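> So you can see what is in the structure, the chains are spelled out below.
4 protein chains.
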Amino acid sequence: MVNVGVIGATGYVGIEIVRLLQNHPGVNIVSVVSQSFVGRKISDIYPNLKNVFEMECQELDIEKISQEADILITALPHGVSKEVIPRLIEKGKRVIDHSGDFRYRSVEVYEKWYNTKHEMPELLDLAVYGLPEIYRDKIAEARIVANPGCYPTCSILGIAPLLANNLIETNNIIVDAASGVTGAGRNTELPYQFCECTENFKAYKVATHRHTSEIEQELSLIAKEEILVSFTPHLVPMKRGMLCTIYANLKYRKSTSELLKIYKDHYKSEFFVRILDEGKLPETKHVAGSNYIDIGLVVDERLNRVIVLSALDNLGKGAAGQAVQDLNIMCGLPENMGLTAPGLYL
Amino acid sequence: MVNVGVIGATGYVGIEIVRLLQNHPGVNIVSVVSQSFVGRKISDIYPNLKNVFEMECQELDIEKISQEADILITALPHGVSKEVIPRLIEKGKRVIDHSGDFRYRSVEVYEKWYNTKHEMPELLDLAVYGLPEIYRDKIAEARIVANPGCYPTCSILGIAPLLANNLIETNNIIVDAASGVTGAGRNTELPYQFCECTENFKAYKVATHRHTSEIEQELSLIAKEEILVSFTPHLVPMKRGMLCTIYANLKYRKSTSELLKIYKDHYKSEFFVRILDEGKLPETKHVAGSNYIDIGLVVDERLNRVIVLSALDNLGKGAAGQAVQDLNIMCGLPENMGLTAPGLYL
Amino acid sequence: MVNVGVIGATGYVGIEIVRLLQNHPGVNIVSVVSQSFVGRKISDIYPNLKNVFEMECQELDIEKISQEADILITALPHGVSKEVIPRLIEKGKRVIDHSGDFRYRSVEVYEKWYNTKHEMPELLDLAVYGLPEIYRDKIAEARIVANPGCYPTCSILGIAPLLANNLIETNNIIVDAASGVTGAGRNTELPYQFCECTENFKAYKVATHRHTSEIEQELSLIAKEEILVSFTPHLVPMKRGMLCTIYANLKYRKSTSELLKIYKDHYKSEFFVRILDEGKLPETKHVAGSNYIDIGLVVDERLNRVIVLSALDNLGKGAAGQAVQDLNIMCGLPENMGLTAPGLYL
Amino acid sequence: MVNVGVIGATGYVGIEIVRLLQNHPGVNIVSVVSQSFVGRKISDIYPNLKNVFEMECQELDIEKISQEADILITALPHGVSKEVIPRLIEKGKRVIDHSGDFRYRSVEVYEKWYNTKHEMPELLDLAVYGLPEIYRDKIAEARIVANPGCYPTCSILGIAPLLANNLIETNNIIVDAASGVTGAGRNTELPYQFCECTENFKAYKVATHRHTSEIEQELSLIAKEEILVSFTPHLVPMKRGMLCTIYANLKYRKSTSELLKIYKDHYKSEFFVRILDEGKLPETKHVAGSNYIDIGLVVDERLNRVIVLSALDNLGKGAAGQAVQDLNIMCGLPENMGLTAPGLYL
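Residue numbers (my numbering), protein chains in the order written: chain A, 76 to 421; chain B, 76 to 421; chain C, 76 to 421; chain D, 76 to 421.
Calculated directly from the structure, the hints in this document are not laboratory data.
Some hints could be false.
Identical chains share a label here; the pair holds if one copy fits it or two copies do between them.
As the list claims (entries may be wrong) - Keeping only pairs whose Cα atoms sit at most 27 Å apart, straight-line, the calculated DSS-like set for lysine-lysine is: (1) Lys336 with Lys116; (2) Lys157 with Lys326; (3) Lys326 with Lys192; (4) Lys157 with Lys280; (5) Lys192 with Lys343; (6) Lys299 with Lys116; (7) Lys187 with Lys329; (8) Lys355 with Lys187; (9) Lys280 with Lys339; (10) Lys157 with Lys187; (11) Lys280 with Lys116; (12) Lys299 with Lys166; (13) Lys326 with Lys336; (14) Lys116 with Lys355; (15) Lys299 with Lys343; (16) Lys157 with Lys329; (17) Lys139 with Lys187; (18) Lys280 with Lys329; (19) Lys326 with Lys355; (20) Lys187 with Lys343; (21) Lys326 with Lys116; (22) Lys339 with Lys116; (23) Lys299 with Lys213; (24) Lys116 with Lys343.
Only a predicted model underlies this, so the values are computations on that prediction, with no experimental measurement involved.
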């Protein structure tokens with residue numbers, strides 16, 4: 076059994092990690108840290124867990140959690156990681172982090188898009204981008220796993236086979252994305268209030284969302300050339316779920332079925348990537364509550380353009396589920412352990 | 076391993092049974108019957124199950140499924156059971172049924188509320204009302220288990236301790252209930268269309284809902300006198316979840332905490348009944364996706380009246396989850412096997 | 076033209092008043108006060124009003140608004156009214172207020188339920204409870220109109236004909252109510268966050284909601300005896316709309332159609348009260364966006380109990396619409412001026 | 076007063092036309108035709124209209140409605156128009172139609188995208204594409220006005236200023252669009268059932284939606300060259316509202332503010348087109364319930380690409396509202412008569 080501590084356990088990503096791990100046959104949750112709720116039972120904050128997981132929230136005591144846990148998963152508000160992660164690393168712990176801090180190869184790119192100085196550049200060498208479908212081997216050995224953003228996971232896995240097989244022009248990639256409101260976290264700002272969100276659809280952070288740079292970094296590495304993308308997120312009045320609609324111009328004439336074959340081949344060993352048959356398209360309800368990502372595509376032969384649709388649960392494969400997948404890899408456990416629940420649909 | 080067949084597998088209750096059983100460590104699903112989708116893979120109808128459960132829908136062939144399965148779970152439209160269940164019983168099979176046909180002790184009551192002749196009165200003796208918290212021992216031996224309605228489950232478990240302990244006047248029990256839209260099944264009638272349901276709240280079948288008679292039957296058995304109740308269902312614009320708000324006049328002065336103590340005591344051995352502490356009230360999101368029923372209560376001392384709130388997932392403890400709980404009991408498996416998932420909350 | 080100022084114009088009730096009045100043929104909005112947004116155009120806060128109503132939010136300057144406006148409508152957070160209303164009255168202004176401060180005949184009742192000292196008891200004599208269907212004549216002359224709460228409006232109008240005609244027992248009246256989330260105002264607390272509200276249903280403030288006392292006051296006046304009621308509010312995942320399900324025991328045998336006749340007669344002169352025909356029940360989508368209240372009922376002859384269903388838009392007849400109705404009465408304008416929009420349904 | 080008949084009055088578009096016209100100061104509704112509900116009052120089907128609009132649904136009797144009405148608005152299921160419109164034209168009536176039948180200049184394009192033979196090619200010469208911002212003068216005189224599709228209205232108005240001013244490359248225009256569920260009409264098919272739609276987001280008809288051809292026709296006319304576009308519709312779990320996110324590569328360096336100036340100039344005389352200031356983006360809740368279209372844009376200077384966001388109410392400016400706008404123009408009434416309601420926001 077792996078002993079795991081969850082730091083930032085009462086946010087939406089944190090509690091989803093707890094929900095997954097409490098039922099994980101290879102893991103013990105040994106501590107849950109929540110500065111906002113020190114001393115209160117986690118089932119007091121999330122009563123769905125009553126009788127299921129009753130652990131008390133601790134304050135952040137690096138000494139204590141380092142003794143208890145082998146691996147720490149951090150789901151902290153931006154800017155707090157720097158207080159926590161260097162000290163955990165110092166204690167010899169391994170960390171799966173959910174901030175943007177360790178996702179970048181270039182400190183400059185990070186600093187430009189996050190508009191802040193990087194506080195721990197010396198730790199970047201220890202970090203691996205936690206997308207198992209690309210970095211599985213490195214994740215297995217990593218000291219720090221930087222769990223990817225939800226939008227990047229959904230975008231990169233949707234585009235990767237096209238770039239890896241040199242099938243598309245690289246100067247006109249457009250990712251039009253939409254997410255459920257849990258993507259904003261347990262956030263009490265006005266725009267996430269029920270009456271402001273429901274019966275509404277909008278784009279936000281057009282041309283400026285930080286995840287753009289994360290997507291570009293990984294696509295560029297796959298393509299072995301610099302890739303820039305348009306990335307436009309939208310907010311959907313639903314809790315869980317994310318869909319990316321990706322547009323790219325084909326270099327060569329390819330049919331929908333030819334491309335699907337390439338996708339199926341590309342992901343043939345990937346448990347959590349489901350390539351849909353021709354004529355089928357992903358829907359968020361098919362993946363909500365699961366760690367799957369569903370990918371479908373259509374070639375618009377009139378325009379010689381491919382439209383790829385990729386869907387995942389932003390709290391699942393887009394965050395907590397992927398963290399557990401990374402954890403399994405890091406610990407030599409079966410990669411899908413504790414993660415086989417299908418989406419709820421209903 | 077118990078071999079189970081699901082008849083009516085592509086309705087909302089049927090597919091929830093499939094979702095639960097495909098992950099149940101003590102059960103094999105050996106056949107899924109769906110007259111509407113014969114020959115199609117179930118993951119074709121419910122793509123959340125792609126790669127997870129790919130069995131093909133069969134037509135209803137009593138001979139064949141009787142050979143394959145030990146126990147059959149039927150989730151059929153009203154009126155179809157009579158074609159199916161007697162023949163299964165004849166074959167020596169045990170059945171968990173979701174219709175109203177086997178829930179009644181009195182053929183007359185059934186015929187009055189269902190406004191139809193009972194087609195299989197001779198089988199009633201084989202049937203047990205499948206509410207484990209009351210009939211656990213009989214369920215263990217039963218040939219036919221009549222899985223209770225969702226509203227009755229939520230109402231009866233909410234009221235039972237009051238009647239069992241002779242705490243309330245029996246002539247003024249009011250059950251004001253609300254359900255998510257999955258309660259109507261995979262129903263394409265206009266009132267269940269998205270634009271007709273969303274941003275709407277309404278009562279329906281006021282003073283005439285069939286579940287009234289089911290609630291009254293069971294409460295009368297507990298009280299050992301005839302109990303009549305007002306039961307008013309409402310439709311909530313959400314998928315899963317049910318809440319009953321129950322009003323009853325207390326015979327004696329009791330405080331909230333005294334009553335909660337009685338409830339906790341009454342249900343102290345019940346895994347799936349969670350009595351909330353004073354000051355806490357159930358919410359459907361705490362139980363949605365689980366087999367739990369949460370019960371809270373408040374005594375209004377001004378009026379010497381108790382208000383009990385009970386919440387469950389109408390597809391979980393209100394239908395499929397309870398069916399699996401019954402199945403476990405019938406097969407001598409741990410009662411919570413395959414049913415320990417907490418509610419999703421998000 | 077009546078010159079009206081709206082104080083607290085950027086809350087949900089305030090902005091609904093603005094939306095109604097900007098299109099009212101007998102009214103000029105002369106000032107909008109919002110302490111949070113002084114100097115910003117109201118269409119900047121609510122962009123639906125761009126090009127429609129562009130007035131700038133002012134700070135609260137009693138001197139200035141008293142010169143500009145004949146009547147002031149106040150939709151202020153609890154506790155702020157006392158700074159504002161006495162000074163407006165001193166200036167000779169008439170006020171329509173949305174707080175609880177002027178709704179009570181008894182300072183004691185107010186102080187008990189609001190758990191605070193009443194700050195302006197000397198003004199109570201000037202105040203009229205702003206329910207036109209009961210107090211039309213007094214509203215016409217009133218200095219202060221205390222606009223009723225949304226739940227009381229929906230409950231009182233639903234029950235009034237029963238009490239006025241001495242048809243029910245007065246010791247077992249139960250009001251089970253449900254409201255959309257706008258009822259909580261423009262409120263950024265966690266329970267009103269999208270992900271906490273959507274796909275959820277819950278009761279709140281069971282046996283303790285302040286509106287109980289307001290309902291009881293008015294019902295007692297109608298019945299000419301002290302009436303106590305059970306009142307249980309619930310939160311529905313929708314924006315606008317309120318439904319009350321009211322239970323009362325009949326003193327005499329009456330059929331549904333007999334009672335409906337009494338209701339139709341009772342409200343025969345009321346433009347905004349629609350009594351539904353037998354067999355029809357109100358739904359919130361039929362009234363959302365309008366000033367109508369729809370009332371239907373069913374007699375449960377088994378129990379000799381009537382179940383009354385009343386539905387309104389909590390922002391319409393439950394707040395802003397009723398304020399405009401009161402305003403029309405106060406100014407001698409046709410009572411439905413500016414208020415004839417039907418519900419949206421869609 | 077103009078006498079208007081609405082044919083197909085009980086679908087979602089039809090009833091929205093009724094809702095708008097019953098309050099229109101220059102229009103009498105003289106007949107409402109609904110084959111499904113002949114003889115029933117329209118307020119029986121849509122109880123929001125009780126006491127507001129009580130007219131009885133007629134069957135389709137061309138003779139009768141031609142005597143009663145000057146102008147007919149048809150909101151019929153695809154394929155029914157051909158039985159109706161030629162006969163109305165023969166009777167000398169003017170028609171505003173909501174089908175695709177009269178939107179095309181080329182019979183071939185229509186037949187290819189609709190995969191059917193055009194039944195009334197001889198009437199095409201009488202038809203004008205009912206987008207007032209482009210064809211106002213012709214609409215004023217037209218015998219047949221073909222009210223544009225909702226997606227085309229939202230897309231064309233969003234892109235027009237770019238093409239009219241020769242600002243973008245014409246080979247890479249992408250329209251990523253999303254609509255509320257009323258866009259599917261009063262449709263009882265399974266995919267529009269509440270439980271299938273809510274908490275879900277999906278694309279549909281990728282690269283094949285008929286509106287593509289309508290968008291292309293109009294953009295080509297503006298650009299004076301053949302324009303092909305990628306158009307991808309998505310379904311949002313909300314009732315009303317549509318957002319288009321439009322991507323185009325700029326020919327020349329332009330800033331966001333420069334482009335906004337061009338847009339404001341282009342639409343400076345258009346009452347219903349609101350160009351948002353820099354930094355603001357449209358949201359569907361700002362236009363839902365109104366006839367406005369809100370347009371905002373952002374230039375992504377890194378990519379020299381503009382992202383235009385346009386939002387409207389698919390039942391408003393996308394259908395019924397625009398029909399009334401056309402009607403006003405056809406009858407010489409003020410173009411915004413009966414259409415000045417702002418969006419509801421809440």
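> Work down the list of hints and note, for each, if the structure agrees.
Structure-based check of each hint:
1. Lys336 with Lys116: between (50 Å within a copy, 21 Å between copies)
2. Lys157 with Lys326: Classified as neither; 44 Å inside a copy, 44 Å across copies.
3. Lys326 with Lys192: Neither, since 39 Å and 36 Å both go past 27 Å.
4. Lys157 with Lys280: within (25 Å within a copy, 42 Å between copies)
5. Lys192 with Lys343: neither (40 Å within a copy, 44 Å between copies)
6. Lys299 with Lys116: Cα proximity of lysine 299 and lysine 116: none, with 49 Å in one copy and 41 Å across.
7. Lys187 with Lys329: Between. Shortest inter-copy distance 23 Å satisfies the 27 Å Cα cut-off; intra-copy 38 Å does not.
8. Lys355 with Lys187: between (39 Å within a copy, 23 Å between copies)
9. Lys280 with Lys339: This pair counts as between: shortest inter-copy Cα distance 22 Å, intra-copy 33 Å.
10. Lys157 with Lys187: within (18 Å within a copy, 51 Å between copies)
11. Lys280 with Lys116: between (36 Å within a copy, 23 Å between copies)
12. Lys299 with Lys166: neither (37 Å within a copy, 66 Å between copies)
13. Lys326 with Lys336: The answer is within: 17 Å in one copy meets 27 Å, while 37 Å across copies does not.
14. Lys116 with Lys355: Answer is between: at 14 Å across copies they meet the 27 Å cutoff, but 44 Å inside does not.
15. Lys299 with Lys343: Classified as within: same-chain Cα gap 23 Å, cross-chain 47 Å, threshold 27 Å.
16. Lys157 with Lys329: Answer is neither; intra-copy 47 Å and inter-copy 40 Å both fail.
17. Lys139 with Lys187: Result: close neither inside a copy nor across copies, 36 Å intra and 49 Å inter.
18. Lys280 with Lys329: between (34 Å within a copy, 19 Å between copies)
19. Lys326 with Lys355: Classified as within; 24 Å inside a copy, 36 Å across copies.
20. Lys187 with Lys343: neither (37 Å within a copy, 38 Å between copies)
21. Lys326 with Lys116: neither (57 Å within a copy, 36 Å between copies)
22. Lys339 with Lys116: Close across copies (20 Å), not inside one copy (45 Å); limit 27 Å.
23. Lys299 with Lys213: within (19 Å within a copy, 55 Å between copies)
24. Lys116 with Lys343: So lysine 116 and lysine 343 pass the 27 Å test across copies only (21 Å; inside, 43 Å).
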